[in-house]
Amino acid sequence: MSSWAGPDEIFLSTSLAGFLDKKLIVLLRDGRKLLGTLCSFDQFANVVLQGACERVIVGELYCDVPLGLYVIRGENVVLIGELDREKDELPAHMTCVSEAEIRKAEKAEREARDLKGSMRKRMEFLDFD
Amino acid sequence: MPRFCLLPIRLPRFHLRRSGLSSPLLAPAPISISLPGEGERRSPPSSCCFLLFFSYFKELVGKEVTVELKNDLAIRGTLHSVDQYLNIKLENTRVVDQDKYPHMLSVRNCFIRGSVVRYVLLPQDGVDIDILHDATRREARGG
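These protein sequence lines are chains A and B, in that order. By full-length UniProt numbering, the letter at position 24 of the first sequence is numbered 24, and the numbering carries on one by one without gaps. By full-length UniProt numbering, the letter at position 6 of the second sequence is numbered 6, and the numbering carries on one by one without gaps.
The hints are simulated quantities; they were obtained by calculation from the structure and are not laboratory data. Here the structure is a predicted model, which means the values were calculated and not measured. Just so you know, not all the hints are guaranteed correct.
With a Cα cut of at most 25 Å, we get these calculated DSS-like pairs of lysine-lysine [unchecked claim]:
hint : chain 1 : residue 1 : chain 2 : residue 2
1    : B       : Lys100    : A       : Lys87
2    : B       : Lys63     : A       : Lys107
3    : B       : Lys100    : A       : Lys23
4    : A       : Lys116    : B       : Lys63
5    : B       : Lys70     : B       : Lys100
6    : A       : Lys104    : B       : Lys100
Given only the sequences and the hints, what does the whole structure look like? Please build it.
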């Protein structure tokens, strides 16, 4: 029997064949979000994305950083979602900014988080309970 | 004997629609499985309990479930299909905490890798305890 499913079977099965040539969002285990068109896949959910870009979201800002052709090892894949063309990809209040700006926002957010962490550490030192 | 011949339940290749509670769980156990083109590279997990849950999830196809992932993302949707690795395909999905995950706004159909699932929250009538209980005993006895 051939491993290539017929047209009916594609839509009934759990295989990714129904997602071929569609625009997808792939969530990775480290929290990254990659967008691209599915070229190929296998049973491990290894996937090949054509025209991939990473969607970096910081608060209300976002940026699609272009990456090119990406081969993603299956173990890193969390979820593969089909993007509905009719719907907005992101809420209307979010603004698209340049890569430089998003990197700056990322850095600011990281620093704020680190500061909060170090403040908490000092507070713990004072807390004798 | 090839390794994948030892599995106790035949996997109907695209038997995915709900077909009455008696079918896969209570089937007398024929012993062959032929997954097209898979060979030895990733032979399906051979634990009988695993296949019990595969059969069980197949019975749930078409029902509304919530899948919680190991990264705390919880997605609600109609179970479209499931495979032997417990990879899950959902339709008409919506994320439970939409504000926290704006990038999921336009996702309606999705594929979830089985290895990242923490919980599957079932519908109230999703589990027939007696049948599951019987099937578990049967599996524990070795078919």
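Among all the numbered hints in the text so far, which are the ones the structure does not match?
2 and 4
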